[in-house]
Amino acid sequence: MCRTREGSSYFAQKGKRIMRCCARRFGLFALCLILLGLLLPGMAPAQKPEPPPRPERLLVMAAEYPGVVVPPGREVSMDLTFFNKGRTDETLDVRIARAPEGWQSRLKTYRFTVRSLHVPADDKRSLTFEAVPDKGRAPGDYEFVIEAATRDGRFKLSETLKVTLTRELEGKAQDEGVRLTTSYPVIRGPSNAAFEFSVEVESRLDKEAIFDLFAQGPAGWEINFKPAYETKYISSIRMKANQSQSIAVEVKPGPGAAAGEFPIAVRVAAGEAKGEAALTVMLTGTYELEVGTPSGLLSLEATQGKPANVSFYVKNSGTAPNANIRFMSFKPENWKVEFTPERIDLVEPGTL
202 MCRTREGSSY FAQKGKRIMR CCARRFGLFA LCLILLGLLL PGMAPAQKPE
252 PPPRPERLLV MAAEYPGVVV PPGREVSMDL TFFNKGRTDE TLDVRIARAP
302 EGWQSRLKTY RFTVRSLHVP ADDKRSLTFE AVPDKGRAPG DYEFVIEAAT
352 RDGRFKLSET LKVTLTRELE GKAQDEGVRL TTSYPVIRGP SNAAFEFSVE
402 VESRLDKEAI FDLFAQGPAG WEINFKPAYE TKYISSIRMK ANQSQSIAVE
452 VKPGPGAAAG EFPIAVRVAA GEAKGEAALT VMLTGTYELE VGTPSGLLSL
502 EATQGKPANV SFYVKNSGTA PNANIRFMSF KPENWKVEFT PERIDLVEPG
552 TL
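With our numbering applied, the sequence shown corresponds to residues 202 to 553, in that order.
In short, the hints are calculated from the structure, not lab data.
One should not assume that every hint holds.
To be verified - EDC-like, lysine to aspartate or glutamate: derived pairs with alpha carbons at most 20 angstroms apart:
no.: 1; residue 1: Lys363; residue 2: Asp335
no.: 2; residue 1: Lys309; residue 2: Glu265
no.: 3; residue 1: Lys475; residue 2: Glu401
no.: 4; residue 1: Lys363; residue 2: Glu265
no.: 5; residue 1: Lys516; residue 2: Asp546
no.: 6; residue 1: Lys441; residue 2: Glu331
no.: 7; residue 1: Lys408; residue 2: Asp280
no.: 8; residue 1: Lys286; residue 2: Glu348
no.: 9; residue 1: Lys363; residue 2: Glu348
no.: 10; residue 1: Lys325; residue 2: Glu276
The structure presented is a predicted model; accordingly, all values stated were derived computationally and were not measured.
Kindly produce the complete structure, drawing on both the sequences and the hints.
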């Protein structure tokens, strides 16, 4: 009995120590949870502030390049953009309020002259200011004032555009608006081959334009234009302002074209903008030989131990001279074949 009480006391004391240890650990765990709860709000990502509400009505007119410098006789083209930053759709009447004398000017889209435009809420619209100086207009600074107003007169916008007309340098040709270049203006090959030139078309216009393609070559020759790396044929290309584009010029000589040099003129035009490139095809002619017998027979009778002769002709059916023509034979075993003469120095086109 005594041992039982001592055992019970021992287990009771051990249980108390375990309870005290668990209590301390629980308290430490609870303290960590409290600290974590205090830190988390500060660690949470900050919410982005809501943007301020858009006003009911707000309009802005802006020119991307309000001042430009151009040579004499050059057309001026400048883009105007209208921004509607409000919540209401707007319709604006636009006009050129002031323009210097000696200039023809207008506001337009790609096709039409514009007097008003509609701009939806939170959107934008663009139009183009175009001006052309009269011939002989003196160099200097010229100002144009563009005005726009809503139909109810609530908003009135104004933008001043400045055009500086430079003095043309003596002896310098005016920019023609388009330039053609090619790395290989001369190509050489046989008369029955097709030739392909790569031509770079560089638009120097300040607006989009459609350029027509023209070519002139020898009579009976076929000349076509293709987009680079494509097989379809084209007769014009659309190019944006100051854009460059490669085209392929395919040239096929006419039947029986003789050897020699043949010029090919390539022209590109869009209104007053014109450009030209000079190409050359050097034909070496075609190299074709025709061999046959006068009788048309390609067999003969022979007696063992005795020579047998056969005559044949060599005709140059190509368009280029054939020189240093030699003969060879494929014969049965123990046969001997000889040619007289052993070679022909030269055969002109179309001759025997």
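Outcome of the hint check:
no. : hint            : verdict
1   : Lys363 x Asp335 : holds, 17 angstroms
2   : Lys309 x Glu265 : holds, 16 angstroms
3   : Lys475 x Glu401 : holds, 14 angstroms
4   : Lys363 x Glu265 : holds, 12 angstroms
5   : Lys516 x Asp546 : holds, 13 angstroms
6   : Lys441 x Glu331 : holds, 16 angstroms
7   : Lys408 x Asp280 : holds, 10 angstroms
8   : Lys286 x Glu348 : holds, 18 angstroms
9   : Lys363 x Glu348 : holds, 15 angstroms
10  : Lys325 x Glu276 : violated, 26 angstroms
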